[in-house]
Amino acid sequence: MIGGIDIVTLIAALMAASTPVLLAATGELVAEKAGVLNLGVEGMMILGAVAGFATAVTTGSPVLGFIGGAIAGALLASLFALLTQILLSNQTATGLALTLFGLGLSALFGKGFEGIRPPPTTKIDLGPLSDMPVLGPILFHHDWVVYLSLILVAVTWAFLKYSRMGLIIRAVGENHDAAHALGYRVIAVRFAALAFGGALAGMGGAYLSLVRVPQWTEGMTAGAGWIALAIVVFASWKPERVLIGAYLFGGITALQLQLQAAGYAIPVHLLSMAPYVITVLVLVILSATHRHGAPAAPAALGRSFHASN
Amino acid sequence: MDRRSFLKTTAATATLAGLGLPAWASDEPLKIGFIYVGPVGDMGWSYQHDVGRRAIEEALGDKVQTTYIENVPEGPDAERALTQLALEGNQLIFATSFGFMDATVNVAAKFPNVKFEHATGYKRSENLGTYDARFYEGRAIQGTIAGRMTKTNKIGYIGSFPIPEVIQGINAAYIHAKKVNPDVEIKVVWAYTWFDPAKEADAAAALIAEGCDFVLQHTDSTAPQAKAQEAGNVYTFGQASDMEAFMPSPRVASTIDNWAPYYVERATAALEGTWSADATWGGIGTGMVKIGEITEAVPAEVKAEAEKLIEMIGSGEYHPFTGPLNKQDGSVWLAEGETPDDGALAGLNFFVEGVSAEMPK
Chain A
1 MIGGIDIVTL IAALMAASTP VLLAATGELV AEKAGVLNLG VEGMMILGAV AGFATAVTTG
61 SPVLGFIGGA IAGALLASLF ALLTQILLSN QTATGLALTL FGLGLSALFG KGFEGIRPPP
121 TTKIDLGPLS DMPVLGPILF HHDWVVYLSL ILVAVTWAFL KYSRMGLIIR AVGENHDAAH
181 ALGYRVIAVR FAALAFGGAL AGMGGAYLSL VRVPQWTEGM TAGAGWIALA IVVFASWKPE
241 RVLIGAYLFG GITALQLQLQ AAGYAIPVHL LSMAPYVITV LVLVILSATH RHGAPAAPAA
301 LGRSFHASN
Chain B
1 MDRRSFLKTT AATATLAGLG LPAWASDEPL KIGFIYVGPV GDMGWSYQHD VGRRAIEEAL
61 GDKVQTTYIE NVPEGPDAER ALTQLALEGN QLIFATSFGF MDATVNVAAK FPNVKFEHAT
121 GYKRSENLGT YDARFYEGRA IQGTIAGRMT KTNKIGYIGS FPIPEVIQGI NAAYIHAKKV
181 NPDVEIKVVW AYTWFDPAKE ADAAAALIAE GCDFVLQHTD STAPQAKAQE AGNVYTFGQA
241 SDMEAFMPSP RVASTIDNWA PYYVERATAA LEGTWSADAT WGGIGTGMVK IGEITEAVPA
301 EVKAEAEKLI EMIGSGEYHP FTGPLNKQDG SVWLAEGETP DDGALAGLNF FVEGVSAEMP
361 K
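Here the protein sequences come in this chain order: A and B.
The numbering of the first sequence is the working numbering, which starts it at 1 and goes up by one.
The numbering of the second sequence is the working numbering, which starts it at 1 and goes up by one.
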């Protein structure tokens, strides 16, 4: 306890609160690394939220629910890929449309699922580890999705940094013409990266409706997808920094609510603003320090590719 | 529509328009528009307004045509949505959230022939009326039940924004909980949103972690109910709508915003040409505030006490803010037996004595 705030509860709450944006941001990072800016994260998340919820309620299995959410997110992302990669539509406009489409579609699908309680997602019981003081509740008392999200961040980091496929993804994102000249299939790589991003966004959405809230409510993502997009920028396109960013954004939300519950009069607006201010600062620092080196954003980010160019 | 009747209608409309009469005086239906701050599917506040909108259609049938725009953010975008409704020919427009106030004032000034109604606000003009419900009457009932039933003596309250409507609720809940349980304490968390299920759930979780076994909400979604259900041994009240999906527990009672009769009345007045901009503030007595079923989770004697209170408030025999009451700083607000006038209540911006939370600046 520090100043009436239970640090243990705070950190545990922070990890749970951050998981949806952590998943979505990790997925978006891979898509952006491949050079595609998908602004439809919010739409994919909310579709994942309703699909995951519906699947879990119908089958009684939260695991299937998360898979269902991921599939729904990936399907919506594939639609985006079809439009932007094959039909060469504008990525920004299509991404915004995807968000609106996802919000509407999820409201339609979700009509019959309001006011229902989902099957509980099991917390992993690690026996003596979970019973440890302090560290037990912080690290070893979560549901399996929290651990999966951390593993996914680590795997994404290693994959992008060390694997051949990761190198190809980065090459496509940096210079799609060169990658194409080398014989890599730019469109296919981007399609796969987008589908992966959509699947993770969908899982993040499912975490909202199955664990964090837990229920289905229309429009329940309430801007989480946009925060995920901001986190990718904050992280300057590095997976390990996505983790810091997500926990920082999620942490401040959890912290300000807990401070209030503990009876502190705190400037809520200042705290809520802080992550965005930090994001802007990071951007300024990045552009200042990278004057001579490579900028942090993938060079081909947001640019359409066609083999004839 | 065949050509002849088309020409007739067009001619009639043109003539009426030429005479400066409102177009709906012909057989055209009266168009009524609504803007909601959340989605209709929030199952709370916006849902309940939509229940009212549907009641208009049911009661007046072909004579009216209603539309709504949901998820309208409070601020400049509300002005755009309201303008759009006015340009589409809506003659009566309901703006259903406090934060739409200034936008509604601006748009009402631009469309003097359109009738506007703003929920929970206080700014009025020739063509802009306001309506509000005495939610604090419902909070008095909730406070009584929570004060009687709490085992931890801690009641949590999720506030949306520190505006009079919400502050009235916190004060009323606290006063009545304290009356039946002198040891009770109220913890307030401001969510600074009307609708964000994840944040509302987090706020509920933070209050439960602080030991609250009652969570009252002044936000629109059912997320706090779901969180309380998950925690177990935590009770809630349906907010704005009955939230009957969470009966019999955690939801042990509810305050229902019953807008439907008012909406039908105002639409009828607009049809008949008797509409005028005024201020309505209905409560349990007029039926605008209804208390939903008190479930079996509440002990019989507490239920009886709550029902007695509902009756006394409804009949006007008792006002939830009856002196002696002090302000949070200890100065006198209401003397023995004194009750505040509606103007003072509508501008309420302080907590009563005993509330430990600080008012955000």
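If you are wondering where the hints come from, they were derived from the structure by calculation, not from laboratory data.
Treat the hints with care, as some may be off.
[As the list claims (entries may be wrong)] Calculated pairs, DSS-like style, for lysine-lysine (alpha carbon to alpha carbon, straight line, at most 30 Å):
1. B/123 x B/31
2. A/123 x B/31
3. B/123 x B/151
4. A/111 x B/179
5. A/111 x B/308
6. B/303 x B/123
7. B/123 x B/110
8. A/123 x B/154
9. B/303 x B/110
10. B/123 x B/154
11. B/179 x B/361
12. A/111 x B/31
13. B/303 x B/179
14. B/123 x B/179
15. B/63 x B/154
Tell me, which hint numbers fail for this structure?
Failing hints, ascending: 2, 3, 4, 5, 6, 9, 10, 14, 15.
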